[in-house]
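S.K.: One-letter residues, chain by chain:
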Amino acid sequence: MKNPIITVQSLKRTYLTHIGLLNKEKKLVEALKGIDFEVYPGEIFGLLGPNGAGKTTTIKILTTLLAPSSGQAKVFGFKAFGEEKKIRPRINFIFGGERSLYWRLSGLDNLKYFADIYKIPRKKQTELIDDLLKEVGLYDVRKRKVETYSKGMKQKLQIARALLNDPEIIFLDEPSIGLDPVAARTLKNMIRALSEKGKTVLLTTHYMQEAEELCHRIAVINHGQIIALDTVEGLKNRVKNEQNSSQMPNLEDAYIHLISEPNIA
Amino acid sequence: MAGLIDPIKRFFRKGTFAYKSTFAVMSLQQYLMVNLGAPLMQMLCFTLVANYVYGSQNITTWFIGNAVVLTYFNAIFGVGTHLSAEKSFGTLKLLIASPSNGFNLLLPRTLLHIFDGILTIFIGLIIGALFFDFHLPIEAWLSFGVVLLAASFSAMAFGLIIASIGLASRDLNLILNVVSMSLLGLTGANFPISRLPEFIQPISQMMPLTRSITLCRALYEGTPLSENTHLLLGEIGLGVIFMIIGTSLFKILTKKSIQSGVLEFF
Ligand SMILES: Nc1ncnc2c1ncn2[C@@H]1O[C@H](COP(=O)(O)OP(=O)(O)O)[C@@H](O)[C@H]1O
Ligand SMILES: [Mg+2]
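Chains as they are written, first to last, in the numbering used here: chain A, 1 to 265; chain B, 1001 to 1266.
Possibly wrong hints are sitting among the right ones.
[Claimed, not checked] Taking lysine to any residue pairs in the SDA-like style, the calculated list, with each CA pair at most 20 Å apart, reads:
no.: 1; chain 1: B; residue 1: Lys1256; chain 2: A; residue 2: Gln225
no.: 2; chain 1: B; residue 1: Lys1087; chain 2: A; residue 2: Tyr118
no.: 3; chain 1: B; residue 1: Lys1009; chain 2: A; residue 2: Leu128
no.: 4; chain 1: A; residue 1: Lys119; chain 2: A; residue 2: Glu168
no.: 5; chain 1: A; residue 1: Lys85; chain 2: B; residue 2: Phe1012
no.: 6; chain 1: A; residue 1: Lys86; chain 2: A; residue 2: Pro167
no.: 7; chain 1: A; residue 1: Lys145; chain 2: B; residue 2: Gln1029
no.: 8; chain 1: B; residue 1: Lys1255; chain 2: B; residue 2: Asn1101
no.: 9; chain 1: A; residue 1: Lys74; chain 2: A; residue 2: Gln225
no.: 10; chain 1: A; residue 1: Lys33; chain 2: B; residue 2: Gln1259
no.: 11; chain 1: A; residue 1: Lys123; chain 2: B; residue 2: Phe1012
no.: 12; chain 1: A; residue 1: Lys85; chain 2: B; residue 2: Pro1099
no.: 13; chain 1: A; residue 1: Lys85; chain 2: B; residue 2: Ala1097
no.: 14; chain 1: A; residue 1: Lys85; chain 2: B; residue 2: Leu1263
no.: 15; chain 1: A; residue 1: Lys27; chain 2: B; residue 2: Leu1263
no.: 16; chain 1: A; residue 1: Lys119; chain 2: B; residue 2: Gly1102
no.: 17; chain 1: A; residue 1: Lys27; chain 2: B; residue 2: Gln1259
no.: 18; chain 1: A; residue 1: Lys86; chain 2: B; residue 2: Gly1102
no.: 19; chain 1: A; residue 1: Lys240; chain 2: A; residue 2: Leu258
no.: 20; chain 1: A; residue 1: Lys119; chain 2: B; residue 2: Val1146
no.: 21; chain 1: A; residue 1: Lys145; chain 2: B; residue 2: Thr1016
Just so you know, these hints were derived from the structure itself, not from any lab.
Required output: the full structure, derived from the provided sequences and hints.
M.R.: Structure representation (structure tokens):
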């Protein structure tokens, strides 16, 4: 087997929060309680789990936007906190929702701006940006301000933005949230196409069908712990055996069974 | 060749887009009302109050001070709010994770504000010529322009420090207002520095615009710029120091935010 492109070992993250206005009480939230997993080049790796499970925290750490409290998070063999300069040019990410774009600029100007931020040579920019706009289907509306875009269009623009630096790994945190079925399918096709081009994708989602269709392997995370990690078939088989059922469950049934199990740790 | 020109083009485009995307200019109308109208009204008001308090023989002095100090508006509310605006757009993380996350992120952001600041002063001066008997001999305009450029540069560089503080603070509005007040009050625009309490006077000397206001008044009174080059160099030097402090602060606070998990609002 190839060497992993992402390695996570005993990764923990706690947040310190303050409650109350005057009598500030400090509270420690344990978002990740020591998780381990590896992702291999070219894989579409899914991270599934209920709200608050720790998915976004994991992605933030791997994208160098959050430091681990303890344990290891390595991308391309480099520490996500401490060696982030070696990682950043080679990855990109999308956090779900409509933010993370400049609404007052046109779609085209958004891409030009980020192309400059990524120091892409001017000579290459025009062709690259046009190609990306065509690829995500925004070429005809490229001169409209982003504030006039629908959710689906904004999400497509995010994807174009995330591909500007031709990243080797793309992190997608709930990319399909709020998309209509057509837009969600387009997104799915794009993710698959990325993987076929050899890109590694790490994805979180609440849509089981999407995960089932896309992911090569899935980690189920709950309360900051990974409670299962396997291929879709593997997860289904495990649940089938645990339930002593003769029928193969679908991923949704399997997922619900897994996260409602009492903590195994 | 492209290796040399690309960074320059990038610099200008980053500056323009950052200005367009964060500063509240949606239309010419809005620009005239908010970005020009409000500061100019304030200039008129403060000049008239100062004139009432100090007597009318030196109204031009207070007018000049209040015109030059107008750059504070772009510095504080334009440059100073950039990073917290990026934070609320959700774009800050994209910038931080990009290869342009230091000087090359911050510096272009001052560009259009520097010119916007000068434009505001310039229109202020025209108003002064109409209402306050402000007349500058032709040969002094070039020197005046140079001083205004230095003033606007150092004010915007100062704004970068505020912008970086905005990364760590949830109460940026309070800071913006306190700093605005200090610029209006301590730079000599509205109050003679020599009459400020002694422990405050050194603070005035560390503020942007203080030197430029003195310089502009001197130019108006006929002292050539060549006799006050130390003030001009002082203002430019301060600007450079502000830039360095602003960028270092940005780096430090970014790292701290990554550690404490507050790079984003959510
Ligand atoms: N910046 C933060 N400050 C305090 N607590 C946080 C912060 N971010 C996340 N948390 C908490 O950490 C836990 C995991 O959150 P998150 O990783 O966002 O979960 P998920 O993405 O799986 O919904 C939750 O309990 C959440 O409330
Ligand atoms: Mg999340």
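S.K.: If a hint holds in the structure, say so; if it doesn't, say that too.
M.R.: Outcome of the hint check:
1. Lys1256(B) - Gln225(A): Not OK: Lys1256(B) and Gln225(A) at ~26 Å, beyond 20 Å, violated.
2. Lys1087(B) - Tyr118(A): holds (19 Å)
3. Lys1009(B) - Leu128(A): Holds, because 18 Å separates the two Cα atoms, which is no more than 20 Å.
4. Lys119(A) - Glu168(A): holds (17 Å)
5. Lys85(A) - Phe1012(B): violated (25 Å)
6. Lys86(A) - Pro167(A): holds (13 Å)
7. Lys145(A) - Gln1029(B): holds (19 Å)
8. Lys1255(B) - Asn1101(B): Given that 20 Å is the threshold and the Cα spacing comes to 12 Å, the pair holds.
9. Lys74(A) - Gln225(A): Holds, at about 18 Å.
10. Lys33(A) - Gln1259(B): Distance of about 17 Å is within 20 Å: holds.
11. Lys123(A) - Phe1012(B): Holds, because 16 Å separates the two Cα atoms, which is no more than 20 Å.
12. Lys85(A) - Pro1099(B): Given that 20 Å is the threshold and the Cα spacing comes to 8 Å, the pair holds.
13. Lys85(A) - Ala1097(B): holds (9 Å)
14. Lys85(A) - Leu1263(B): holds (17 Å)
15. Lys27(A) - Leu1263(B): Holds, at roughly 19 Å.
16. Lys119(A) - Gly1102(B): Judged against 20 Å, a Cα distance of about 13 Å means the pair holds.
17. Lys27(A) - Gln1259(B): Status holds; Cα separation ~17 Å.
18. Lys86(A) - Gly1102(B): holds (16 Å)
19. Lys240(A) - Leu258(A): holds (11 Å)
20. Lys119(A) - Val1146(B): violated (32 Å)
21. Lys145(A) - Thr1016(B): The given pair, whose Cα atoms are some 16 Å apart, holds under the 20 Å limit.
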